[in-house]
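With chain X held as given, fit chain E onto it using these hints.
In order, the protein sequence lines correspond to chains X and E. Per this note's numbering, the first sequence starts with residue -14, numbered consecutively. Per this note's numbering, the second sequence starts with residue -14, numbered consecutively.
No wet-lab data here; the hints were simulated from the structure. Any given hint might turn out to be false.
For chains that are exact copies, the list does not tell them apart, and a pair is met inside one copy or across any two.
Quick list of in silico lysine to any residue cross-link-like pairs, SDA-like style, CA-CA up to 20 Å [unchecked claim]: (1) 332 / 278; (2) 310 / 5; (3) 332 / 283; (4) 310 / 7; (5) 332 / 282; (6) 318 / 283; (7) 332 / 277; (8) 318 / 83; (9) 318 / 300; (10) 310 / 6; (11) 310 / 277; (12) 160 / 253; (13) 160 / 133; (14) 160 / 230.
Number of protein chains: 2
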Amino acid sequence: MTHAVVLAGGWGERLWPMSTRSCPKQLLRLVAGEPLVRATLRRIAPVAPSKSAIVLTGAAIREAIAAELSGVPQERIIGEPVGRNTAPAIALAAHLLVAEDPDAVMVVLPADHVVSDEAAFCAAVDLAVRAAVAVRGLVTLGIRPTRPETEYGYMRVGRESTVGGVHEVEAFTEKPDAATAESFLAGGRHLWNSGMFVWRADRFLDEVGERLPDVSAALAAVPRRPCDAGFDDAVRRYYEAVPSVSVDYGVMEKAENVLVVPAGFGWDDVGSWCALERVWDDGTGAGSVVRGDAVLVDAERCIVYADGGVAAVVGLSDVIVAHTKDATLVCPKARARDVRRVVEELKRRGVIEP
Amino acid sequence: MTHAVVLAGGWGERLWPMSTRSCPKQLLRLVAGEPLVRATLRRIAPVAPSKSAIVLTGAAIREAIAAELSGVPQERIIGEPVGRNTAPAIALAAHLLVAEDPDAVMVVLPADHVVSDEAAFCAAVDLAVRAAVAVRGLVTLGIRPTRPETEYGYMRVGRESTVGGVHEVEAFTEKPDAATAESFLAGGRHLWNSGMFVWRADRFLDEVGERLPDVSAALAAVPRRPCDAGFDDAVRRYYEAVPSVSVDYGVMEKAENVLVVPAGFGWDDVGSWCALERVWDDGTGAGSVVRGDAVLVDAERCIVYADGGVAAVVGLSDVIVAHTKDATLVCPKARARDVRRVVEELKRRGVIEP
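Bound-form chain X, shown alone (with noise of 0.2 Å):
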């Protein structure tokens, strides 16, 4: 059977302050009035169900999840005391799946992307779903590049594999810099790594025994079953001892018979504030994107926001704007990636939580 593993871990700081840490990014209703996470849940619904889905997030917003999700079973939702990335998370979903399904298939999907043709989207999980079955592949959904985005991480296609339309995967490379963004967009051989990956239980957990024994020794401790007894205990101690690694880095990279999928579908991680030009619409006639109260006197190209009040911006182009009852951010569209600093420096004073 195939399940949905969903990873709704972090906060989208890049996108602060329209996310923050109780209303993080993939509770947000970027796009159609629905959170992202729960968009995520239906978009996988006709492959995987929402009932058999796992959920992993953080236990801070672990109730705020669940009150989106309610087509998934509460013991299914997770709550993680520390976050430790990607591998360690999908490591815990394999774990409890194998147990109640030998040959489960898991789809592991993050809950904050933008997903526009749902069709070719379902179209191209079952493609990993029958590679992941047939060869035991690890299958990723690759994205045709259409910038030379350098916060991405990037993988080189060779040749396909003996399930028609899957390709194997060459090489990673993670955040090239600026030139080698510009090289793999204009080579045509590279496809983004989506984040978006389908495989086995039980060949993910052989690859975590092989490459990630520390994740593998504390999993041994964790009940199979969420309702067996102890089972909370036993996963805030397993956060606790694993380490922090992604899946990219700490298994994709280094295995076998590693696959993509090149997708179908339009996709967009919603990284940071100038995906926003991308995902929503430009209301103004003068290139700006605008989303509430806006007050716009010769600015043009501006990304602006407004939640609970205006944003005025007067003559200024190409600048994020944006507007909260607690805060106010405003930076050029290309230095967008520099809303880090800006959240590194209020954790650093105590106004957001470390």
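Relative to the frame of chain X, chain E by itself:
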């Protein structure tokens, strides 16, 4: 006797959103933690005590103004049902003062200015009072220009009057163009019209009778004392009847015997966001002035205000950034006067009352 007449109407639109209809500029604690209106009355107290002052303000904010002015008798704080600019307000004050003191001298003071040398301020007012009494002059306090400001009125200074240190005013120029303002600044013969005036109340009423007969006629129906029966209703009818006209245009520019005392004190009308660079200190070391919680990343020479939250500015120079719970303003310093256009648009939308 010398009476303070404090003009505390309006709300400082060009300081939006720091200044709002409900918390207007004259109530802001811009300097030394003291509301500007309270500082105005404290500053003039050595010359004209609060208990004999008259304060004119908007009816909607009358209670808030009164709460800050415990030294001024309640009935002497008059709420204007509609704003009619300065001439009708000053005429009403003169009407009341003449009734209680035929020799009353009025010191007319806007409630929203910043003065830095208070002893020099009182000395200048003293001199102006002497001229108002000795030669029945209409005396202004003139400020030596420090920049080619195009938003102010200018006065050309003539020969010294028979009162030493007090000069005749040869001409008024309201809001000159940039080239004219530059020539006034360079020529050394012009002073800014501060909007602070000193004259005998009876002299002023004579001028009103001659130059603003509509105001004079409407005034005749207003009782002579605030405690008289029907006073409030009469004031309401007065404001509804009179035209909106400034004292500069309606009286000063046409009157004889207009004099000026060149000020020996530091003065600022805090007329726009840019004034805060003069009134506040640079606390960042990068040429920016900041009030409230701000995070500046590669931001230089900015004016940043945060009330009830954080204002974060990344990679911008020479901009005004203001955050309140209800609004964000972002505007280059060079466009500060266009804050008006934002306020106009918000009035049009009904967000701000017209």
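**Study point:** Violations among the numbered hints, reported as their numbers in ascending order
**Key:** The structure breaks only hint 8.
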